[in-house]
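J.: Protein sequence lines, in the order shown, are assigned to chains X and U. Numbering-wise, the first sequence is residues 1 to 198 according to the numbering used here. Numbering-wise, the second sequence is residues 1 to 580 according to the numbering used here.
If you are wondering where the hints come from, they were derived from the structure by calculation, not from laboratory data. A portion of the hints provided could be inaccurate.
[Claimed, not checked] Below, in silico cross-link-like pairs of lysine to aspartate or glutamate (DMTMM-like), each with a Cα-Cα straight-line distance of 20 Å or less:
{"id": "1", "chain 1": "U", "residue 1": "Lys-147", "chain 2": "U", "residue 2": "Glu-164"}
{"id": "2", "chain 1": "U", "residue 1": "Lys-166", "chain 2": "X", "residue 2": "Asp-141"}
{"id": "3", "chain 1": "X", "residue 1": "Lys-163", "chain 2": "X", "residue 2": "Glu-182"}
{"id": "4", "chain 1": "X", "residue 1": "Lys-8", "chain 2": "U", "residue 2": "Asp-36"}
{"id": "5", "chain 1": "U", "residue 1": "Lys-67", "chain 2": "U", "residue 2": "Asp-145"}
{"id": "6", "chain 1": "X", "residue 1": "Lys-45", "chain 2": "U", "residue 2": "Glu-135"}
{"id": "7", "chain 1": "U", "residue 1": "Lys-166", "chain 2": "X", "residue 2": "Asp-124"}
{"id": "8", "chain 1": "X", "residue 1": "Lys-163", "chain 2": "X", "residue 2": "Asp-75"}
{"id": "9", "chain 1": "X", "residue 1": "Lys-4", "chain 2": "U", "residue 2": "Asp-400"}
{"id": "10", "chain 1": "U", "residue 1": "Lys-501", "chain 2": "X", "residue 2": "Asp-75"}
{"id": "11", "chain 1": "U", "residue 1": "Lys-490", "chain 2": "U", "residue 2": "Asp-304"}
{"id": "12", "chain 1": "X", "residue 1": "Lys-45", "chain 2": "U", "residue 2": "Asp-145"}
{"id": "13", "chain 1": "X", "residue 1": "Lys-15", "chain 2": "U", "residue 2": "Asp-397"}
{"id": "14", "chain 1": "X", "residue 1": "Lys-59", "chain 2": "U", "residue 2": "Glu-355"}
{"id": "15", "chain 1": "X", "residue 1": "Lys-15", "chain 2": "U", "residue 2": "Asp-304"}
{"id": "16", "chain 1": "U", "residue 1": "Lys-121", "chain 2": "U", "residue 2": "Asp-36"}
{"id": "17", "chain 1": "X", "residue 1": "Lys-45", "chain 2": "U", "residue 2": "Glu-355"}
{"id": "18", "chain 1": "X", "residue 1": "Lys-8", "chain 2": "U", "residue 2": "Glu-407"}
{"id": "19", "chain 1": "U", "residue 1": "Lys-383", "chain 2": "X", "residue 2": "Asp-75"}
{"id": "20", "chain 1": "U", "residue 1": "Lys-490", "chain 2": "U", "residue 2": "Asp-447"}
{"id": "21", "chain 1": "U", "residue 1": "Lys-560", "chain 2": "U", "residue 2": "Asp-145"}
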Amino acid sequence: MYGKGILKGLSVSAKRFVETYLDDLRWLGRKRYGTAEGIAHRGSKDGSGIFTVQYPEEKIPVPEEFRFIPFLVYDDGPDGERTLRCTSCGICAKVCPPQCIWIVRSTDPATGRPIPDPAEFFIDVDICMNCGLCAEFCPFDAIKMDHDYELASFGRNIFDKAKLSKSARYYEGIRPANAAHENAARAAKEAARAEKIG
Amino acid sequence: MATLAPAQTLDLSARFPGVVNADTRPAYSGWIVDKDHMLEVAATLKNELGYDYLSSLTGVDYLPEGKMEIVYHLYKTSGGPGMVFKIQVPRADPIEVPSLVPIYPGAELQEREAWDLLGIKFTGHPDLRRILMWEGFAGHPLRKDWKEAYFEEEVKPLKSRWPEGKISQAESKITFEDNVAYPGGFNPEKWTPEGEAALYGALASFQVEDATGLKTDHVIVNMGPQHPSTHGVFRIAVLLDGETIANLKPVVGYLHRNHEKIGERNTYIMNMPYTDRLDYLSSMSNNFGYALAVEKLMGVKPPDRAEYLRVMMAEMTRIANHLMAIGAMLNDLGAYFTPMLYALEERELILDIFEAVAGSRMMCNYFRFGGVARDLPEGTSGKIKDLFFERLPGRIDEIDRFLSENEIVRARGIGQGVLTAENAIKYSAAGPLLRASGIPYDVRRADPYSIYDRFEFDVCVRQHGDIYDRLIIRLDEIRQSIRIVQQAIKQLPEGPVQALKPVYQVRVPPGEAYGRVEGPKGELGFYIVSNGKPNPWRYHVRAPSFINLTAFGPICVGQKIADVVAVLGSIDIVLGEVDR
Numbered sequence: 001m002y003g004k005g006i007l008k009g010l011s012v013s014a015k016r017f018v019e020t021y022l023d024d025l026r027w028l029g030r031k032r033y034g035t036a037e038g039i040a041h042r043g044s045k046d047g048s049g050i051f052t053v054q055y056p057e058e059k060i061p062v063p064e065e066f067r068f069i070p071f072l073v074y075d076d077g078p079d080g081e082r083t084l085r086c087t088s089c090g091i092c093a094k095v096c097p098p099q100c101i102w103i104v105r106s107t108d109p110a111t112g113r114p115i116p117d118p119a120e121f122f123i124d125v126d127i128c129m130n131c132g133l134c135a136e137f138c139p140f141d142a143i144k145m146d147h148d149y150e151l152a153s154f155g156r157n158i159f160d161k162a163k164l165s166k167s168a169r170y171y172e173g174i175r176p177a178n179a180a181h182e183n184a185a186r187a188a189k190e191a192a193r194a195e196k197i198g
Numbered sequence: 001m002a003t004l005a006p007a008q009t010l011d012l013s014a015r016f017p018g019v020v021n022a023d024t025r026p027a028y029s030g031w032i033v034d035k036d037h038m039l040e041v042a043a044t045l046k047n048e049l050g051y052d053y054l055s056s057l058t059g060v061d062y063l064p065e066g067k068m069e070i071v072y073h074l075y076k077t078s079g080g081p082g083m084v085f086k087i088q089v090p091r092a093d094p095i096e097v098p099s100l101v102p103i104y105p106g107a108e109l110q111e112r113e114a115w116d117l118l119g120i121k122f123t124g125h126p127d128l129r130r131i132l133m134w135e136g137f138a139g140h141p142l143r144k145d146w147k148e149a150y151f152e153e154e155v156k157p158l159k160s161r162w163p164e165g166k167i168s169q170a171e172s173k174i175t176f177e178d179n180v181a182y183p184g185g186f187n188p189e190k191w192t193p194e195g196e197a198a199l200y201g202a203l204a205s206f207q208v209e210d211a212t213g214l215k216t217d218h219v220i221v222n223m224g225p226q227h228p229s230t231h232g233v234f235r236i237a238v239l240l241d242g243e244t245i246a247n248l249k250p251v252v253g254y255l256h257r258n259h260e261k262i263g264e265r266n267t268y269i270m271n272m273p274y275t276d277r278l279d280y281l282s283s284m285s286n287n288f289g290y291a292l293a294v295e296k297l298m299g300v301k302p303p304d305r306a307e308y309l310r311v312m313m314a315e316m317t318r319i320a321n322h323l324m325a326i327g328a329m330l331n332d333l334g335a336y337f338t339p340m341l342y343a344l345e346e347r348e349l350i351l352d353i354f355e356a357v358a359g360s361r362m363m364c365n366y367f368r369f370g371g372v373a374r375d376l377p378e379g380t381s382g383k384i385k386d387l388f389f390e391r392l393p394g395r396i397d398e399i400d401r402f403l404s405e406n407e408i409v410r411a412r413g414i415g416q417g418v419l420t421a422e423n424a425i426k427y428s429a430a431g432p433l434l435r436a437s438g439i440p441y442d443v444r445r446a447d448p449y450s451i452y453d454r455f456e457f458d459v460c461v462r463q464h465g466d467i468y469d470r471l472i473i474r475l476d477e478i479r480q481s482i483r484i485v486q487q488a489i490k491q492l493p494e495g496p497v498q499a500l501k502p503v504y505q506v507r508v509p510p511g512e513a514y515g516r517v518e519g520p521k522g523e524l525g526f527y528i529v530s531n532g533k534p535n536p537w538r539y540h541v542r543a544p545s546f547i548n549l550t551a552f553g554p555i556c557v558g559q560k561i562a563d564v565v566a567v568l569g570s571i572d573i574v575l576g577e578v579d580r
């Protein structure tokens, strides 16, 4: 019969239409929109009917490995002072594919020798391609990729050291598994060094 | 599996004494052919030795030696390893070599690219115009002595970034007069593109006279560069006889950024995220091809678990790409966005996995030399199992039910836009385009790389080579890819995912390598020449979307204008890869 294929196809559309309302029934009494549970369901293998997420009212949680714009990690001292982990070794600037990292190394005013602390640190975030190579190759866990993807602005974005710095606690919050792993590795290294000295 | 003919059996230098010599440079392979006898050798290779498929054609500028080398990679569509031959010419203008188009018509666009970017003149080429750069452009940008505007330093990393960090913005340097090189006597205000005349000339406009003595002019119609159905900034110049297409030329290059020049100035690892941006719908495959080529040079083999992860990711990318291709193609056929969104739903779930594993949905940057960037995060393998065992197979069947028996799709597709098997090989068509024409050629089986020989899957093939077959074969391929992912996730071994110590600058020994994978759009190859420095000396991408366009004109001739968009959709191009 001519037109059978079209009808068969339309039945698929009809099925999806009905599923949308079936889902409403299945979720009766539970909140389907604006809840973590509802968002997770729509993006899971069982998701059917309505698939979309109403951004910005609803946001899909980003996975731990999600990467968006690097930031510099600082550790909080006991008196509230902030020490950047960065030693201005320059590996991130050297591995950066679009070359959007600029680092000014500090020098000791007395001797003129470089000291391991960045005097300035710029990232041109409009050029950054979010590849994550800087974070991957940083030997000091000092530069990490952020999760904050809402960066729209009217102007040009060049982040300086103050804007880039975020606390180690924040980092542990967005990437718990990675941070735990790295902290353990660092502690082991320090213990080994202490043993050598002792 | 295809029987592999040992490469050693081929001895061209005995066959052509004095004309062909083995390439004896260390870590190079293949043959160096005398320029004047090249056509004769190529004809023998094609007609007698069975190398019927021209995979890649490119040039290498050996500036220190004062030589320009043209490199040809040939394969047999019956399978097995390929062969490479080169011709060397002095690097003094004009660089002229015979065109290979009379023997391998698939060379047409590739030779135009080599002329455009390297300034190699192919004598006997039917239509040697610039292809990626604009017609008034001065110089040939892939030559090693060509410097771009705002030239800062020969190679990255740039010294200005560290330790002094003199921050500057590229756009602050834009002073129109100072930084742009124009040809002598060029005035942007008065310039009219002569390239247009050349383009229309190449279409060969003429008059026809019918039996009653009525004279009709052919009409040239331009579709694009910004046409809703051209999948990006792509232009088609069509010569029409009434409604019938008399000739057609794709006009590309609107997204050109000279990926290869950028690649030659990057260090090896820096290129990995750039390859994501070639065919941005299937970045995992691009990573794969590049990693294979560099690993060939380095002599590294990734650990088993990494190989499985690579195959899984590459197959997932194929599914995501084909879903997009099917959706976009049905859009082009007029099924406005309903099938597209159904396909996108499934693609979305695959992209979620990419995001969890690689950190980004489309610009994955997941492969590293000697492995992959990181292992599967916790819970991801469960997600993959759920998706590939419980959801996708059924959903693909649903898409199949939804469209493949649809009378409109069949009427628009069956018997339309036919590419015969013979033509498909002739024009170096690759991937689904080639297999829908009845050639069961799949790099995964014909010349297995990575661990594809461990999986059970079929090489999909369809016989008619029309639009409908090119649509259905993508569904077939999705089903095979699901099979591969199912096997891979079941067999996934434990172990490390990286064979090398992670370093930010890898050491790549000098030599050449051609790594190729079966990308979703066809054979994706990377030709890399290393001179032992941190940056590749030559970095060439054999882009399947670009080379598949060679067949676009011949497919369309004789069709109606309304079918052009459908044919284009069935070829499945991504302009990021076409224009590079």
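J.: Against this structure, judge whether each hint is valid.
T.: A quick look at each hint next to the structure:
1. The hinted pair formed by Lys-147 (chain U) and Glu-164 (chain U) fails the criterion: a straight-line CA distance of about 24 Å is larger than 20 Å.
2. Note on Lys-166 (chain U) and Asp-141 (chain X): the hinted pairing is violated, with a Cα-Cα distance of about 25 Å set against a maximum of 20 Å.
3. As the CA atoms of Lys-163 (chain X) and Glu-182 (chain X) are separated by approximately 24 Å, the hinted pair breaks the 20 Å bound.
4. With a C-alpha separation of about 61 Å, the suggested pair Lys-8 (chain X) and Asp-36 (chain U) falls outside the 20 Å cut-off, and the hint is violated.
5. The suggested pairing of Lys-67 (chain U) with Asp-145 (chain U) holds, with an alpha-carbon distance near 13 Å, which does not exceed 20 Å.
6. With a C-alpha separation of about 51 Å, the suggested pair Lys-45 (chain X) and Glu-135 (chain U) falls outside the 20 Å cut-off, and the hint is violated.
7. A hinted pair counts as satisfied when its Cα atoms are at most 20 Å apart, and Lys-166 (chain U) with Asp-124 (chain X) qualifies at roughly 12 Å.
8. At most 20 Å may separate the alpha-carbon atoms for a hinted pair to count; Lys-163 (chain X) and Asp-75 (chain X) meet this at roughly 16 Å.
9. Taken as a hint, the Lys-4 (chain X) and Asp-400 (chain U) pair is honoured in the structure, with Cα atoms around 14 Å apart against an allowance of 20 Å.
10. Simply put, Lys-501 (chain U) and Asp-75 (chain X) have alpha-carbon atoms about 28 Å apart, too far for the 20 Å limit, and the pair is violated.
11. With a C-alpha separation of about 14 Å, the suggested pairing of Lys-490 (chain U) with Asp-304 (chain U) holds against the 20 Å cut-off.
12. As the CA atoms of Lys-45 (chain X) and Asp-145 (chain U) are separated by approximately 54 Å, the hinted pair breaks the 20 Å bound.
13. Between the alpha carbons of Lys-15 (chain X) and Asp-397 (chain U) the distance comes to roughly 14 Å, so the proposed pair stays at or under 20 Å and holds.
14. Proposed proximity of Lys-59 (chain X) and Glu-355 (chain U) is supported: the alpha carbons are some 15 Å apart, at most 20 Å.
15. Proximity of Lys-15 (chain X) to Asp-304 (chain U) is assessed by CA-CA distance (about 43 Å); at most 20 Å being required, the pair is judged violated.
16. Only pairs whose Cα atoms come within 20 Å are accepted, and Lys-121 (chain U) paired with Asp-36 (chain U) is accepted, the gap being roughly 14 Å.
17. Under the criterion of a C-alpha separation no larger than 20 Å, the hint pairing Lys-45 (chain X) with Glu-355 (chain U) is consistent with the structure, at around 16 Å.
18. Pair hint Lys-8 (chain X) plus Glu-407 (chain U) holds up; C-alpha atoms about 11 Å apart against a cutoff of 20 Å.
19. The hinted pair formed by Lys-383 (chain U) and Asp-75 (chain X) fails the criterion: a straight-line CA distance of about 35 Å is larger than 20 Å.
20. Of the pairs offered as hints, the one joining Lys-490 (chain U) and Asp-447 (chain U) is violated, with about 25 Å between alpha carbons and a cut-off of 20 Å exceeded.
21. For the given pair, Lys-560 (chain U) sits about 46 Å from Asp-145 (chain U) by alpha-carbon distance, which is inconsistent with the 20 Å threshold.
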